[in-house]
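Using the numbering used here, read the sequence shown as starting at 452 and increasing by one per residue.
Simulated from the structure, these hints should not be mistaken for lab results. We treat Cβ as the ideally placed atom computed from N, Cα and C, and that holds for glycine. Some hints here could point you the wrong way.
Said to hold, decoys possible - In silico DSSO-like pairs for lysine-lysine, Cα to Cα no more than 27 Å straight-line:
| no. | residue 1 | residue 2 |
| --- | --- | --- |
| 1 | K455 | K565 |
| 2 | K456 | K567 |
| 3 | K455 | K567 |
| 4 | K456 | K565 |
Stated by the list, open to error - Label pairs and their in silico Cβ distance ranges:
| no. | residue 1 | residue 2 | range |
| --- | --- | --- | --- |
| 5 | K567 | L518 | 33 to 39 Å |
| 6 | N564 | E509 | 35 to 41 Å |
| 7 | V546 | R507 | 17 to 23 Å |
| 8 | A510 | A553 | 28 to 34 Å |
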Amino acid sequence: MPTKKNFHLILGLTFLFIGLYGVYDEIYNVVDFIKGIVQPITLAVGGFLLFLGMQRGEAGAIKNALLGAGTLILVVGFYGLYDEWYAFSDMMLGVLPLLCIAFGGLSLIAGINKLKA
């Protein structure tokens, strides 16, 4: 029966092994995760550049460059999301094992620290 002291340890080991099995079972989705993460990053960078361009008060070359680059990167990001939809959806499936490993490891470390205390 898990107690309050070893709960993190048991849960951390469980999620760590679930994540490792998920990576083993869904390795192609984990690889597609790396390919699919490019589109959301591109969209975030384009949106950030547009935000920076809108924050500049005076009209000038820097403001126009930021707005132009942000718009271009957003268009490329949306096209990449459309073109690589399956890679993006595989990214969502491939991230689950990696999150299980990460949170399982964190929970395992927290459980070990609780047992030491």
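These are the hints, each one checked on the structure:
A hinted pair counts as satisfied when its Cα atoms are at most 27 Å apart, and K455 with K565 qualifies at roughly 9 Å. For the hint pairing K456 with K567, the CA-to-CA distance comes to about 10 Å; that is within 27 Å, so the pair holds. Note on K455 and K567: the hinted pairing holds, with a Cα-Cα distance of about 14 Å set against a maximum of 27 Å. Note on K456 and K565: the hinted pairing holds, with a Cα-Cα distance of about 6 Å set against a maximum of 27 Å.
Taken as a hint, the range 33 to 39 Å is violated for the pair K567 and L518, whose Cβ atoms sit roughly 54 Å apart. Taken as a hint, the range 35 to 41 Å is violated for the pair N564 and E509, whose Cβ atoms sit roughly 53 Å apart. Distance hint check: the CB atoms of V546 and R507 are about 35 Å apart, inconsistent with the given range 17 to 23 Å. In this structure, A510 and A553 break the distance hint of 28 to 34 Å, their C-beta atoms being roughly 45 Å apart.
The structure is inconsistent with the numbered hints 5, 6, 7, 8, although it conforms to all the rest.
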